[in-house]
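K.L.:
Kindly generate the complete structure, drawing on both the sequences and the hints.
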Amino acid sequence: MIHKVVANADEAIRDISNGMTLMLGGFGLCGIPENCINALVKKGVNQLTCISNNAGVDDFGIGLMLQNRQVKKMISSYVGENAEFERQLLSGELEVELVPQGTLATRCMAAGYGMPAIFTPAGVGTEVAIGKEIRNFNGKDYLMEKAFDADFAIVKAWKGDSAGNLIYRSTARNFNPVMAMAGKITIAEVEHLVEVGELDPDQIHTPGIYVHRIFQGQDYQKRIEQRTVRSI
Amino acid sequence: MIHKVVANADEAIRDISNGMTLMLGGFGLCGIPENCINALVKKGVNQLTCISNNAGVDDFGIGLMLQNRQVKKMISSYVGENAEFERQLLSGELEVELVPQGTLATRCMAAGYGMPAIFTPAGVGTEVAIGKEIRNFNGKDYLMEKAFDADFAIVKAWKGDSAGNLIYRSTARNFNPVMAMAGKITIAEVEHLVEVGELDPDQIHTPGIYVHRIFQGQDYQKRIEQRTVRSI
Amino acid sequence: MLDKIGIAKRIAQEIKNNYYVNLGIGIPTLVANYIPEGINVVLQSENGLLGMGPFPIDGEEDPDLINAGKQTITTLPGSSIFDSAMSFGMIRSQKVDLTILGAMEVSENGDIANWKIPGKMVKGMGGAMDLVASAKNIIVAMQHVNKAGESKLLPECSLPLTGVKCVKKIVTELAVLEIASEGGFRLLERAPGVTIDEIKKATAGKLIIEGEIPEMKI
Amino acid sequence: MLDKIGIAKRIAQEIKNNYYVNLGIGIPTLVANYIPEGINVVLQSENGLLGMGPFPIDGEEDPDLINAGKQTITTLPGSSIFDSAMSFGMIRSQKVDLTILGAMEVSENGDIANWKIPGKMVKGMGGAMDLVASAKNIIVAMQHVNKAGESKLLPECSLPLTGVKCVKKIVTELAVLEIASEGGFRLLERAPGVTIDEIKKATAGKLIIEGEIPEMKI
Numbered sequence: 043m044i045h046k047v048v049a050n051a052d053e054a055i056r057d058i059s060n061g062m063t064l065m066l067g068g069f070g071l072c073g074i075p076e077n078c079i080n081a082l083v084k085k086g087v088n089q090l091t092c093i094s095n096n097a098g099v100d101d102f103g104i105g106l107m108l109q110n111r112q113v114k115k116m117i118s119s120y121v122g123e124n125a126e127f128e129r130q131l132l133s134g135e136l137e138v139e140l141v142p143q144g145t146l147a148t149r150c151m152a153a154g155y156g157m158p159a160i161f162t163p164a165g166v167g168t169e170v171a172i173g174k175e176i177r178n179f180n181g182k183d184y185l186m187e188k189a190f191d192a193d194f195a196i197v198k199a200w201k202g203d204s205a206g207n208l209i210y211r212s213t214a215r216n217f218n219p220v221m222a223m224a225g226k227i228t229i230a231e232v233e234h235l236v237e238v239g240e241l242d243p244d245q246i247h248t249p250g251i252y253v254h255r256i257f258q259g260q261d262y263q264k265r266i267e268q269r270t271v272r273s274i
Numbered sequence: 043m044i045h046k047v048v049a050n051a052d053e054a055i056r057d058i059s060n061g062m063t064l065m066l067g068g069f070g071l072c073g074i075p076e077n078c079i080n081a082l083v084k085k086g087v088n089q090l091t092c093i094s095n096n097a098g099v100d101d102f103g104i105g106l107m108l109q110n111r112q113v114k115k116m117i118s119s120y121v122g123e124n125a126e127f128e129r130q131l132l133s134g135e136l137e138v139e140l141v142p143q144g145t146l147a148t149r150c151m152a153a154g155y156g157m158p159a160i161f162t163p164a165g166v167g168t169e170v171a172i173g174k175e176i177r178n179f180n181g182k183d184y185l186m187e188k189a190f191d192a193d194f195a196i197v198k199a200w201k202g203d204s205a206g207n208l209i210y211r212s213t214a215r216n217f218n219p220v221m222a223m224a225g226k227i228t229i230a231e232v233e234h235l236v237e238v239g240e241l242d243p244d245q246i247h248t249p250g251i252y253v254h255r256i257f258q259g260q261d262y263q264k265r266i267e268q269r270t271v272r273s274i
Numbered sequence: 125m126l127d128k129i130g131i132a133k134r135i136a137q138e139i140k141n142n143y144y145v146n147l148g149i150g151i152p153t154l155v156a157n158y159i160p161e162g163i164n165v166v167l168q169s170e171n172g173l174l175g176m177g178p179f180p181i182d183g184e185e186d187p188d189l190i191n192a193g194k195q196t197i198t199t200l201p202g203s204s205i206f207d208s209a210m211s212f213g214m215i216r217s218q219k220v221d222l223t224i225l226g227a228m229e230v231s232e233n234g235d236i237a238n239w240k241i242p243g244k245m246v247k248g249m250g251g252a253m254d255l256v257a258s259a260k261n262i263i264v265a266m267q268h269v270n271k272a273g274e275s276k277l278l279p280e281c282s283l284p285l286t287g288v289k290c291v292k293k294i295v296t297e298l299a300v301l302e303i304a305s306e307g308g309f310r311l312l313e314r315a316p317g318v319t320i321d322e323i324k325k326a327t328a329g330k331l332i333i334e335g336e337i338p339e340m341k342i
Numbered sequence: 125m126l127d128k129i130g131i132a133k134r135i136a137q138e139i140k141n142n143y144y145v146n147l148g149i150g151i152p153t154l155v156a157n158y159i160p161e162g163i164n165v166v167l168q169s170e171n172g173l174l175g176m177g178p179f180p181i182d183g184e185e186d187p188d189l190i191n192a193g194k195q196t197i198t199t200l201p202g203s204s205i206f207d208s209a210m211s212f213g214m215i216r217s218q219k220v221d222l223t224i225l226g227a228m229e230v231s232e233n234g235d236i237a238n239w240k241i242p243g244k245m246v247k248g249m250g251g252a253m254d255l256v257a258s259a260k261n262i263i264v265a266m267q268h269v270n271k272a273g274e275s276k277l278l279p280e281c282s283l284p285l286t287g288v289k290c291v292k293k294i295v296t297e298l299a300v301l302e303i304a305s306e307g308g309f310r311l312l313e314r315a316p317g318v319t320i321d322e323i324k325k326a327t328a329g330k331l332i333i334e335g336e337i338p339e340m341k342i
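Chains as they are written, first to last, in the numbering used here: chain D, 43 to 274; chain L, 43 to 274; chain V, 125 to 342; chain B, 125 to 342.
The set of hints was computed from the structure by calculation and includes no laboratory data.
By construction, the Cβ of each residue, glycine as well, lies at the ideal position given by its N, Cα and C atoms.
Any given hint could be a false lead.
Unchecked claim - Here are the simulated EDC-like pairs of lysine to aspartate or glutamate, each with C-alpha atoms no more than 20 Å apart in a straight line:
id	chain 1	residue 1	chain 2	residue 2
1	B	LYS260	L	ASP183
2	L	LYS188	D	ASP183
3	V	LYS244	D	ASP183
4	B	LYS247	L	GLU175
5	V	LYS247	D	ASP183
6	V	LYS289	D	ASP183
7	L	LYS174	D	GLU175
8	L	LYS264	B	ASP221
9	V	LYS247	D	GLU128
10	B	LYS260	D	GLU175
11	D	LYS264	V	GLU297
12	B	LYS133	B	ASP221
13	D	LYS264	D	GLU139
14	D	LYS188	L	GLU175
15	D	LYS201	V	GLU297
16	D	LYS174	L	GLU137
17	L	LYS226	V	ASP221
18	V	LYS247	D	ASP101
19	B	LYS244	L	GLU175
20	L	LYS201	B	ASP127
21	B	LYS240	L	GLU139
22	B	LYS244	L	GLU126
23	V	LYS133	V	GLU297
24	V	LYS240	V	GLU274
25	V	LYS247	D	GLU135
26	B	LYS247	L	ASP183
27	D	LYS182	V	GLU306
28	B	LYS293	B	GLU280
Stated by the list, open to error - What follows is a list of derived Cβ distance ranges for each label pair:
id	chain 1	residue 1	chain 2	residue 2	range
29	V	PRO160	L	GLU169	50 to 60 Å
30	V	ASP127	D	ARG56	25 to 35 Å
31	B	PRO201	V	ASN141	24 to 34 Å
32	L	ASN178	D	PHE179	16 to 26 Å
33	D	LYS264	L	ASN110	53 to 63 Å
34	D	ALA49	V	LYS289	54 to 64 Å
35	D	GLY239	B	ASN157	27 to 37 Å
36	B	LYS341	L	GLY181	30 to 40 Å
37	L	ASN60	V	GLU334	26 to 36 Å
38	L	LYS85	B	LYS244	54 to 64 Å
39	D	LYS174	V	THR319	41 to 51 Å
40	B	LYS244	L	LYS115	16 to 26 Å
P.N.:
Put into structure tokens, the structure is as follows:
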């Protein structure tokens, strides 16, 4: 087996440099690579293009990178939880490309599956379609959307082994598997790093071939954005 | 939960009729829907188009349907284990469309993912490309290949629950998950049918939404095509 | 006139046995509470869950288990988890029977706008564009008029579109309407105590009224 | 002159540490037995397995666990299983470092034919077309001449192609050759005891011989 373990987030992101394109897994604050985001903030690398379904909140997740003015451009589907984001966007400091959520996921998958483009009906007839090729199949119009091209994909998993195999937990899976496949270099942080042989091959969500660096994450906050409970 | 259980293979295939297009899971004889194939042979339905990576062997798997002259056309990637197949093909009794294995899998996935076509470099410059649109992305040529359109997909899983959720075992997974997503109606036969709640939601390979009928299979032979062992 | 719960209750009547349903944020989320007895329904949450259960009881929230509105939720026996690509794969391939979502505007040919107010609001479309582009059946849950008192049922949408010619039915505090195939809002039911004139006044797009219009049964 | 095992041993020297490798049926399968000590390599089997282990011991065959040649195999610690779409996804996205496969013919510009003999053999291409269209590095393992004594290294392939301009290197019983970027088979090594004249005689395509040609070290 090929050994992928690095010591920590700082080592994992050591060669991420200004101007690069990063994919960051997670949906809202669920399943986000907390350790790597903190390390990126500490490192201060900037002019980044970030592909992530959301942009965190003001004081957590990608929101921390926005506060720190490290992000040149966000490619996301929904960014509505972040006042600083909205300020930078309306002031023109931040470029934003809004992408339908399924298109975002599928453009990641396309990269990981070696497919240069995909067809989707999402956005036909809307401003998302502007400048894009439209194609009719069986009487229905589809947009041609290109695979993403990211220097690094950074994902968070529940368990991982030293060969880079990953298992996610519950809806913290979300964008993590499709982004893990899509980076030129993929970094995985995990809550539980185990030895090879401890994970059942049938249960692995991301095969190790897609993962270049893996490390045991520390001090996960796993914040809840909308704590909602029922009365019994 | 929506209840998908039927009594047996005969009930599951009750409305498969002459001239239909079927997808059949499996790779070689590994992970094939043995019960449904036997029921199709018994029913005698014919003029079928079968999409399956392989065509079985003379006396097992899809080979039984070929012996019985039920197949009008095979769409496969590799058919080299079947003398009756070769005879019918060379005599012109059987139409055959040979498709690169990755293209076959991805055309199934495209159907299940609502993508009308995909791009792949497989077959560029070969006779597989004849009549197909070629498109250059980033300096490389790709063929546009269409999603399959199948009346029924018939798959075999290891475990399944009454809501149609499926878990495959080892390399018997192969084409089964991508075909399960692709049928207008999907039939799953399983070695172990369990109640809802017994399968871990994180470990389900095929979510029940893709499966319309499920039943507990009987008398699995699980033949080995190439028994290969090592001396200790 | 209906309140939000009334709208949710009326929409719940549209859910048929053995449906897979995607519920948007807001009123649509409330629909889950009013699904009739004996109706089997599986809720899909586009962040990657089939078989969404109720909110957890206090103290059992799991930060790894949320719905598309980022609310803590639970699973049910028979639930399954999957990634975002598969989630929208099943949406695009029309395995989801019914999508219920909110809107800022609906046009008389079934266009919907619900993701952007130029210069003012830039939250993004999330999964809405994928859902409306693919769903077999789309019901919009919304108020008939906006806070300024202007109709949200228009000849044409003024806001950037989410999708075109896709809405099938609209349930508001005043009425149930369907988009006629030839264009126009066909009035199907009045909310309790609401007159046809009130509905006419609140509808800027072409309103089609044929025969007796019954009052909703909630 | 090498036997099949010799060819497999020579090819095994091409495998670098931390490679993911896909081995075709026949001689390529044998390569797994001769990977040098200290070289970490993970074998991919395109039916859906990373981390292919050796054949099982007698009595431990599992019908659910086979390789792309339908042989019973085993997994190793760190193995993973996936479906056919993901398997070819990782092949197309060039996550597999090296593909080793057999051929009926190779042309001097790197075209390969290995799936069909019109009117005679119709077994199909299996995964070969996907592999050759995408792999970063393709090594062909084959006999230098066919059973009729005709060269399989040709100016142009006569059989239906599997892929174009994709082969990087060829290892036969006589020689190691690479496809020159300007076209032609550049002779890199002779098999033990084989003369340059023997290689010339067996090579119908353009053979490029520059400087001393060393003998292989097996």
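K.L.:
Determine for every hint whether it applies to the structure shown.
P.N.:
So, going through the hints one by one against the coordinates:
1. Distance check on the hinted pair: LYS260 of chain B and ASP183 of chain L sit about 15 Å apart at the alpha-carbon level, within 20 Å; holds.
2. In summary, the hint linking LYS188 of chain L to ASP183 of chain D is supported, as the alpha carbons are separated by about 15 Å, within the 20 Å threshold.
3. Of the pairs offered as hints, the one joining LYS244 of chain V and ASP183 of chain D is violated, with about 30 Å between alpha carbons and a cut-off of 20 Å exceeded.
4. With a C-alpha separation of about 25 Å, the suggested pair LYS247 of chain B and GLU175 of chain L falls outside the 20 Å cut-off, and the hint is violated.
5. A hinted pair counts as satisfied when its Cα atoms are at most 20 Å apart, and LYS247 of chain V with ASP183 of chain D does not qualify at roughly 26 Å.
6. Pair hint LYS289 of chain V plus ASP183 of chain D holds up; C-alpha atoms about 12 Å apart against a cutoff of 20 Å.
7. Distance check on the hinted pair: LYS174 of chain L and GLU175 of chain D sit about 19 Å apart at the alpha-carbon level, within 20 Å; holds.
8. The straight-line distance between the Cα atoms of LYS264 of chain L and ASP221 of chain B is roughly 33 Å, outside the 20 Å bound, and the hint therefore fails.
9. Restraint check: the Cα-Cα separation between LYS247 of chain V and GLU128 of chain D comes to about 8 Å, which is no more than 20 Å; the hinted pair holds.
10. Between LYS260 of chain B and GLU175 of chain D the alpha-carbon distance is near 30 Å, which puts this suggested pair outside the 20 Å criterion.
11. Of the pairs offered as hints, the one joining LYS264 of chain D and GLU297 of chain V is violated, with about 39 Å between alpha carbons and a cut-off of 20 Å exceeded.
12. At most 20 Å may separate the alpha-carbon atoms for a hinted pair to count; LYS133 of chain B and ASP221 of chain B meet this at roughly 19 Å.
13. Of the supplied pair hints, the one linking LYS264 of chain D and GLU139 of chain D is violated, its CA atoms being roughly 27 Å apart against a limit of 20 Å.
14. At most 20 Å may separate the alpha-carbon atoms for a hinted pair to count; LYS188 of chain D and GLU175 of chain L meet this at roughly 17 Å.
15. Simply put, LYS201 of chain D and GLU297 of chain V have alpha-carbon atoms about 48 Å apart, too far for the 20 Å limit, and the pair is violated.
16. As the CA atoms of LYS174 of chain D and GLU137 of chain L are separated by approximately 39 Å, the hinted pair breaks the 20 Å bound.
17. With a C-alpha separation of about 14 Å, the suggested pairing of LYS226 of chain L with ASP221 of chain V holds against the 20 Å cut-off.
18. Only pairs whose Cα atoms come within 20 Å are accepted, and LYS247 of chain V paired with ASP101 of chain D is accepted, the gap being roughly 18 Å.
19. Our distance criterion of 20 Å between C-alpha atoms is broken by LYS244 of chain B and GLU175 of chain L, whose separation comes to about 29 Å.
20. As the CA atoms of LYS201 of chain L and ASP127 of chain B are separated by approximately 46 Å, the hinted pair breaks the 20 Å bound.
21. Of the supplied pair hints, the one linking LYS240 of chain B and GLU139 of chain L holds, its CA atoms being roughly 13 Å apart against a limit of 20 Å.
22. A threshold of 20 Å between alpha carbons decides the hint, and for LYS244 of chain B with GLU126 of chain L the separation of about 15 Å falls inside it, so the pair holds.
23. For the hint linking LYS133 of chain V to GLU297 of chain V, the alpha-carbon distance of about 11 Å falls within 20 Å, and the restraint holds.
24. In summary, the hint linking LYS240 of chain V to GLU274 of chain V is supported, as the alpha carbons are separated by about 17 Å, within the 20 Å threshold.
25. A hinted pair counts as satisfied when its Cα atoms are at most 20 Å apart, and LYS247 of chain V with GLU135 of chain D qualifies at roughly 17 Å.
26. For the given pair, LYS247 of chain B sits about 26 Å from ASP183 of chain L by alpha-carbon distance, which is inconsistent with the 20 Å threshold.
27. Of the pairs offered as hints, the one joining LYS182 of chain D and GLU306 of chain V holds, with about 19 Å between alpha carbons and a cut-off of 20 Å not exceeded.
28. Annotation: proposed proximity of LYS293 of chain B to GLU280 of chain B holds, straight-line Cα distance about 16 Å (limit 20 Å).
29. Take PRO160 of chain V and GLU169 of chain L: their Cβ atoms lie about 58 Å apart, and the range 50 to 60 Å holds.
30. Taken as a hint, the range 25 to 35 Å is violated for the pair ASP127 of chain V and ARG56 of chain D, whose Cβ atoms sit roughly 57 Å apart.
31. The hinted window of 24 to 34 Å between PRO201 of chain B and ASN141 of chain V is violated, with their beta carbons roughly 48 Å apart.
32. As the Cβ distance of ASN178 of chain L to PHE179 of chain D is approximately 20 Å, the hint placing it in 16 to 26 Å holds.
33. Between LYS264 of chain D and ASN110 of chain L the CB atoms are about 58 Å apart, so this pair conforms to the stated range of 53 to 63 Å.
34. Take ALA49 of chain D and LYS289 of chain V: their Cβ atoms lie about 55 Å apart, and the range 54 to 64 Å holds.
35. The hint said 27 to 37 Å for the Cβ distance between GLY239 of chain D and ASN157 of chain B, and at roughly 23 Å that hint is violated.
36. The hinted range of 30 to 40 Å is satisfied by LYS341 of chain B and GLY181 of chain L, whose Cβ atoms lie roughly 38 Å apart.
37. A C-beta distance of roughly 45 Å is found between ASN60 of chain L and GLU334 of chain V, which places it outside the suggested range of 26 to 36 Å.
38. Checked against the hint of 54 to 64 Å, the pair LYS85 of chain L and LYS244 of chain B fails, with Cβ atoms roughly 35 Å apart.
39. In this structure, LYS174 of chain D and THR319 of chain V meet the distance hint of 41 to 51 Å, their C-beta atoms being roughly 46 Å apart.
40. At roughly 22 Å, the beta-carbon separation of LYS244 of chain B and LYS115 of chain L lies within the given 16 to 26 Å, and the hint holds.
Comparing the model with each numbered hint stated earlier shows that hints 3, 4, 5, 8, 10, 11, 13, 15, 16, 19, 20, 26, 30, 31, 35, 37, 38 do not hold.
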